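Student: Going line by line, the protein sequences match chains X and A.
End of the first sequence = 616 in our numbering, gap-free, step of one.
End of the second sequence = 1231 in our numbering, gap-free, step of one.
What the hints contain is simulated information worked out from the structure, not anything from laboratory work.
On a predicted model such as this, the values are computed, not experimentally measured, just so you know.
Misleading hints may appear alongside valid ones.
What the hints assert, rightly or not - List of simulated lysine-lysine pairs, DSBU-like, C-alpha gap at most 35 Å:
hint	chain 1	residue 1	chain 2	residue 2
1	X	K435	A	K1227
2	A	K1227	X	K566
3	X	K497	A	K1227
4	A	K1002	X	K447
5	X	K485	X	K567
6	X	K525	X	K567
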Amino acid sequence: MLSSSDKSSRLVMTDVCKSYGTTQALNQLSLNIEKPGVYAILGHNGAGKTTLINCALGLEKISSGNMTTLGSKPGDIKAKLRTGVILQNSELPDLLTVNEQIELFASYYHTPFSVTEIIDKCDLGDFANKRYKGLSGGQKRRVQFALAVVGNPDLIFLDEPTTGLDIDARKTLWNVIREFANKGKTIILTTHYLEEAENLADRILIMKAGKIVSDTTPQKIHLEAKGSVIQCQTRLPQSSITSLPGVDSVSKKGKFLEIRSSDDTATLRELIAQDPQISSLTVSKPSLENFFAQIENSESAQ
Amino acid sequence: MNNSFNRTMRSFFLESGAEILKSFRAPEFILPTLLMPVAFYTLFATIVPMGPESAPYLLATYGVFAVMGPAIFGFGISVANERDKGWLALKRVSPATGGSYIAAKVLSTLIFASFSVASIYLVAGFAADVSFTRATWASLLMIHLFSVFPFILIGLSIGFLCNANAAVAVSNILFLSFSALGGLWIPIMVFPPAMQSFAHFLPTYHLSEIALAVSQTSGQGDISYHLLVIGVMTALLALSTALAWSKQRNS
Chain X
315 MLSSSDKSSR LVMTDVCKSY GTTQALNQLS LNIEKPGVYA ILGHNGAGKT TLINCALGLE
375 KISSGNMTTL GSKPGDIKAK LRTGVILQNS ELPDLLTVNE QIELFASYYH TPFSVTEIID
435 KCDLGDFANK RYKGLSGGQK RRVQFALAVV GNPDLIFLDE PTTGLDIDAR KTLWNVIREF
495 ANKGKTIILT THYLEEAENL ADRILIMKAG KIVSDTTPQK IHLEAKGSVI QCQTRLPQSS
555 ITSLPGVDSV SKKGKFLEIR SSDDTATLRE LIAQDPQISS LTVSKPSLEN FFAQIENSES
615 AQ
Chain A
981 MNNSFNRTMR SFFLESGAEI LKSFRAPEFI LPTLLMPVAF YTLFATIVPM GPESAPYLLA
1041 TYGVFAVMGP AIFGFGISVA NERDKGWLAL KRVSPATGGS YIAAKVLSTL IFASFSVASI
1101 YLVAGFAADV SFTRATWASL LMIHLFSVFP FILIGLSIGF LCNANAAVAV SNILFLSFSA
1161 LGGLWIPIMV FPPAMQSFAH FLPTYHLSEI ALAVSQTSGQ GDISYHLLVI GVMTALLALS
1221 TALAWSKQRN S
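Given the sequences, and given the hints that come with them, work out the whole structure.
Tutor: Below you can see the structure in the form of structure tokens.
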């Protein structure tokens, strides 16, 4: 049974479970994505990110629960006509040119962009007549993105779209993804690059062991982040720092110590008093990285 | 309705074009599959013939040999490769239909098989002085082109069941053993009795017997027996291909 809210929603999951033998890849996962924008699914390998996408596409069947993609059963042709995809580790035929690939893929859809429009939007003009085989990693990924958007879909799944790319290629792809999100598309991407989620996403979903353990936004993470992160090199032992005023936690990061403090002024005053030779001192607001580490630790402590 | 028909036809047209381009741009596929049959035929029918009956006899069997390459290699290796690379999965989540992909590959294979057969016919007609009536040429061509289908099913099964590396090995083994043991190169009459009986399990033997009977060159036994066996074999292959297809979808 579909309720009316399901029909306007782009992806709805209610108590979805997916297991492979004894492994629980998705565990009672619920999610509702209605609006346009970029949604980043963040998590370590094995957290269930790819399984979630494969189930939403109908590539894998869910074990229990309810799920609709664009108001239809996942894998239904009605949903497929309005969906675009980059699958993980998926390659295109080596011997076809960029133009040929796009023209063929566009023919699968009812209201596609024209080939020239897509070449322009995805900035493929420099190599449109080259065969896929001869392209660089970044260029290949942009062609894959072009195939994901050529059908003018409402919902776009990108499974690790920038893995293995250098920072320039990654930023070029971010810009193109952002443009499509601004035009009313819903883009769901998985990544394990925190800065990708921070720079690109409107909403960040953190997955762990088949569940969404945090549903937040980059702005919220910055606003709600309490206290500060103090980094330094010191000869003081970790145990004596833990007892300084304001200190919540201490961890080692290479040569440095990372101190989380809820009262940075008090902590710093004592720190410098006890170790006048302290060096490489920085104080910053917690980043997504700290937030992510905190979630990982608190969950595994349970 | 009309609109959707046009869209489907256009998509099939582009899909077929893509298949033909992919094959033409892969010389390691095109040279052996197109040149080997005509080179062997030229050698054994015109340069070192065993007797006056060699050229028409080998025309019937080499025609089967000529269509087997594009079908087994074109389907086996290319489907395995495209499945390994995730291209088939991407097609599956797109609105493309599996039928259009397979039909485009069948069309492209038929085109290559026709080239391969035509080159042998040209050598037979002009260099080896094979003279058949028009009706005989036409029925021989029909038999040879029909022979593509059982081998397409074999190629498809390989493509669905093997990874890209295994597909190369399995395709080669089947291609060579079907050719040699099915009597495409040397008539099975010269084989020991056990090998002669084994040939009855191979589609190549029955297809070449039908081709020989049609060209009135030789033909062992009743043609309806060979037609029946090849019909049953094709049906069984279709069934096993369907099973292989559903197996790879659910894995």
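Student: Do the alpha carbons of K435 (chain X) and K1227 (chain A) lie within 35 Å of each other, as the hint requires?
Tutor: violated (39 Å)
Student: Given the hint that K1227 (chain A) pairs with K566 (chain X), does the C-alpha gap stay at or below 35 Å?
Tutor: This hinted pair is violated, its Cα atoms lying about 50 Å apart.
Student: Run the distance test for K1002 (chain A) versus K447 (chain X): straight-line Cα separation, threshold 35 Å.
Tutor: holds (12 Å)
Student: Please work out if K497 (chain X) and K1227 (chain A) have their alpha carbons no farther apart than 35 Å.
Tutor: violated (40 Å)
Student: Decide if the proposed pair is consistent with the structure: K525 (chain X) and K567 (chain X), CA atoms, cutoff 35 Å inclusive.
Tutor: holds (28 Å)
Student: Are K485 (chain X) and K567 (chain X) close enough, with their CA atoms no more than 35 Å apart?
Tutor: holds (27 Å)
Checked against the numbered hints given earlier, this structure breaks hints 1, 2, 3; the rest are met.
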